[in-house]
Amino acid sequence: MAITFTGTTRNQGELEEIQQELYQDSKTFRENIIDIEEGHKSGTDVYESKVTVTMSALNTGEVTATGNIDLGVQKTPVSLVPFNYEDRIDDNTLKGTRFEKSMKAGAFNTISDEFDRKVLIDITPAIGADLETKLWNGATAATKTAVAALTPGAAQGSITAAAQAAVAAMPTTLFDSLAVRILYNDSQSKTVPGAGLGDYIKVTGTTVTSSNIAAQYALLYAGAPSKVIDSGEGAIFAPLGDRQLIMIANNAVGAAQQINFLVEGSGPDAKISYNGIPVYFHPLGATFRVLTIPKYLKVLMDLKGDLSSLQVDRVANGAMQRYIKNTQAMSTWVTNQRYITLYGG
Amino acid sequence: MAKQETQSGFVNPFEPGVNYKIFLEAVGDKTVEDYCKGNLTKEQIEWLVNDLKHYKNK
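Chains as they are written, first to last, in our numbering: chain Y, 1256 to 1600; chain F, 489 to 546.
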């Protein structure tokens, strides 16, 4: 007699490990290469100074106001942008899943300890990954409009059409990324103070591949002021994909190997440098690379700990839901712009 | 504002102060390649043609 069965079947086993998303953590905050400034609530004033002197023939008389020593100080107010990541979740949705097993007895108890330990715990890494992207690639709607209104050109002192298109294509964010701050800002320390194109040194760029990456880095290096190169503090900030292009370029198949990039170590922690300048990889768009002294690139925020601080609690008045909220305030800024070289700008 | 012209009348787009509006007015009905030949390097002309694709597509 054949076996007959009536009803629905279900899987009797399950993969113990929940297959999680891979998060690129926030390297910017972890490595602290650029200047991360805490302790700012709504905004801060950024001061820059520059002293210029002019030699003159010997004067044996009384010193007069020659104008030969100029002590310039400029102040620019920078506002922080408050933002949050927030939502409500209904743990009742998890009934009938493996997560029900770790819910305490009692019809009101729907919080799953396993769900919190294995899924909810990924909220702060996801926030870190999202912020890391926005720090390097993104523009506010207002800045996108302002950049689109610039007349582009090939020369120093104008934005390239490719850079303009890159900004237009960026995600629209609540605060401008570092790349966009370099391109456009309202610093009072620029040659022409106020809102407008940044004072960055422009190096025209092209689509970077493993075949031309060494030549393109040579252009960036040659375009940087010798003060930055000779300072011993210079660094290159490059798109994430450049790491792979560099490794391919350094290990060209079938060709006589020419090592253009120094790679120390192996795997994801390998340190890469070009002519003694360390290269740091961040989610910059494919168009841009930056060579500067890292402290000229700034992130202004209230508290670094805000990155990993999460409020999770029951919604009020007996609702069987929880709210999740992460609150931060942040802005990017750039100083000493005449020492920031932007490839692709 | 005076155009950045050389004695030959060439408006160099890589000269500070020259933006694409000024440059393309000088190019007129010629192609960018024909206008720039002899005044810019092959690489500069190639780069310019590529960048102008983004400008003209606006």
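Don't take each hint at face value.
To be verified - Subject to a maximum C-alpha distance of 20 Å in a straight line, what follows is the list of computed SDA-like cross-link-like pairs (lysine to any residue):
1) K530/F - K1445/Y
2) K509/F - K1445/Y
3) K530/F - A1424/Y
4) K509/F - A1403/Y
5) K530/F - T1406/Y
6) K541/F - A1473/Y
7) K525/F - A1410/Y
8) K530/F - A1423/Y
9) K1445/Y - K541/F
10) K509/F - A1470/Y
11) K541/F - T1406/Y
12) K530/F - A1403/Y
13) K518/F - A1541/Y
14) K541/F - V1458/Y
15) K509/F - N1467/Y
What the hints contain is simulated information worked out from the structure, not anything from laboratory work. These numbers were taken from a predicted model, which means no experiment stands behind them.
Against the structure, the hints come out as follows:
{"no.": "1", "hint": "K530/F - K1445/Y", "result": "violated (34 Å)"}
{"no.": "2", "hint": "K509/F - K1445/Y", "result": "violated (24 Å)"}
{"no.": "3", "hint": "K530/F - A1424/Y", "result": "violated (29 Å)"}
{"no.": "4", "hint": "K509/F - A1403/Y", "result": "holds (14 Å)"}
{"no.": "5", "hint": "K530/F - T1406/Y", "result": "violated (24 Å)"}
{"no.": "6", "hint": "K541/F - A1473/Y", "result": "violated (25 Å)"}
{"no.": "7", "hint": "K525/F - A1410/Y", "result": "holds (18 Å)"}
{"no.": "8", "hint": "K530/F - A1423/Y", "result": "violated (29 Å)"}
{"no.": "9", "hint": "K1445/Y - K541/F", "result": "violated (30 Å)"}
{"no.": "10", "hint": "K509/F - A1470/Y", "result": "violated (30 Å)"}
{"no.": "11", "hint": "K541/F - T1406/Y", "result": "holds (14 Å)"}
{"no.": "12", "hint": "K530/F - A1403/Y", "result": "violated (29 Å)"}
{"no.": "13", "hint": "K518/F - A1541/Y", "result": "violated (32 Å)"}
{"no.": "14", "hint": "K541/F - V1458/Y", "result": "holds (18 Å)"}
{"no.": "15", "hint": "K509/F - N1467/Y", "result": "violated (30 Å)"}
Figure legend: structure checked against the earlier numbered hints; hints not met, in rising order: 1, 2, 3, 5, 6, 8, 9, 10, 12, 13 and 15.
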